[in-house]
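Build out the structure end to end from the sequences listed, making use of the hints.
For what it's worth, the working numbering labels the leading residue of the sequence shown as 6, then goes sequentially.
Do not take every clue at face value.
With a Cα cut of at most 25 Å, we get these calculated BS3-like pairs of lysine-lysine [claimed, not checked]:
#  : residue 1 : residue 2
1  : K153      : K206
2  : K153      : K208
3  : K208      : K195
4  : K154      : K206
5  : K154      : K189
6  : K112      : K153
7  : K153      : K163
8  : K36       : K79
9  : K163      : K204
10 : K66       : K154
11 : K86       : K189
12 : K195      : K206
13 : K195      : K163
Derived DEER-like restraints, expressed as beta-carbon distance ranges [as the list claims (entries may be wrong)]:
#  : residue 1 : residue 2 : range
14 : K154      : K86       : 40 to 46 Å
15 : K163      : H39       : 39 to 45 Å
16 : E32       : A160      : 36 to 42 Å
17 : R111      : K86       : 20 to 26 Å
18 : E176      : K86       : 24 to 30 Å
19 : R111      : E177      : 24 to 30 Å
It is worth saying that the hints were derived from the structure and are not from the lab. The beta-carbon is built from N, C-alpha and C at its ideal position, and this holds for glycine as well.
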Amino acid sequence: MQKYINTVVIGNNIGVLLDNTTNSEQELIEKAQHDPQAFGILFDTHYDSVYRYILYRTNNKTLAEELTSETFFKALNGLWKFKWRSIPFSAWLIRIASNEINGHFRKKKYLELVSIEEKHEILSEKIKSTNDGISNSENDFSKNLLFKKLHASIASLKNIYQEVIVLKYFEEKSIQEISELLGKSEGTVKSLLHRGLNKLKDKIDPSLYDEVKNG
Numbered sequence: 006m007q008k009y010i011n012t013v014v015i016g017n018n019i020g021v022l023l024d025n026t027t028n029s030e031q032e033l034i035e036k037a038q039h040d041p042q043a044f045g046i047l048f049d050t051h052y053d054s055v056y057r058y059i060l061y062r063t064n065n066k067t068l069a070e071e072l073t074s075e076t077f078f079k080a081l082n083g084l085w086k087f088k089w090r091s092i093p094f095s096a097w098l099i100r101i102a103s104n105e106i107n108g109h110f111r112k113k114k115y116l117e118l119v120s121i122e123e124k125h126e127i128l129s130e131k132i133k134s135t136n137d138g139i140s141n142s143e144n145d146f147s148k149n150l151l152f153k154k155l156h157a158s159i160a161s162l163k164n165i166y167q168e169v170i171v172l173k174y175f176e177e178k179s180i181q182e183i184s185e186l187l188g189k190s191e192g193t194v195k196s197l198l199h200r201g202l203n204k205l206k207d208k209i210d211p212s213l214y215d216e217v218k219n220g
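Right, dumping it as structure tokens:
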């Protein structure tokens with residue numbers, strides 16, 4: 006079991022480094038506080054996970070790229086404020102990303118949907134074809150329609166339920182990891198998942214609900 010020994014904080018956003026990576030990542034962060042070029046390594050390490058999280062939350066590839074860039078821009082600008090405390094460094098980035106997502110939709114007040122091609126790109130990792138005899142065009146249409154309904158249902162939930170559902174069933178994070186990422190107890194995470202799934206179940210048909218819960 007990994008042991009926590011250091012954490013990072015910026016404003017209300019707290020982050021921790023695990024003991025097996027603490028030395029190297031802590032050194033990188035300390036170096037990046039004085040040398041922005043060193044931030045590139047942190048960017049390369051965490052970019053994919055932050056981008057995937059934003060993509061699942063927004064369902065828009067172009068928007069996800071923009072918000073991911075904004076997330077790392079704010080992280081770079083705020084790096085000098087870092088102090089050490091307790092939960093993963095990635096938690097700080099996810100919190101910034103969540104704030105960017107929520108801020109975007111508060112301003113826009115509407116949900117942007119991705120193109121058919123983008124839906125297929127996201128969906129291909131989550132939903133497999135169940136009928137090899139169906140033509141590719143028919144199958145793609147069915148998948149795209151399914152994902153559109155699923156995403157719209159998840160997006161209609163409160164932000165906190167969206168966060169835990171996306172992290173658990175799309176990012177495949179454990180309860181412990183979600184607890185660290187969101188700065189909440191494992192019991193609270195389990196409760197949020199339970200309530201969120203129940204609310205989702207009321208909004209969608211059983212096949213869509215099973216798709217989320219069974220991954």
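To see whether the hints hold, each was checked on the structure:
no.	hint	in the structure
1	K153 / K206	holds (16 Å)
2	K153 / K208	holds (13 Å)
3	K208 / K195	holds (20 Å)
4	K154 / K206	holds (13 Å)
5	K154 / K189	violated (29 Å)
6	K112 / K153	holds (22 Å)
7	K153 / K163	holds (18 Å)
8	K36 / K79	holds (17 Å)
9	K163 / K204	holds (10 Å)
10	K66 / K154	holds (17 Å)
11	K86 / K189	holds (22 Å)
12	K195 / K206	holds (16 Å)
13	K195 / K163	holds (16 Å)
14	K154 / K86: 40 to 46 Å	holds (42 Å)
15	K163 / H39: 39 to 45 Å	holds (40 Å)
16	E32 / A160: 36 to 42 Å	holds (39 Å)
17	R111 / K86: 20 to 26 Å	holds (24 Å)
18	E176 / K86: 24 to 30 Å	holds (27 Å)
19	R111 / E177: 24 to 30 Å	holds (28 Å)
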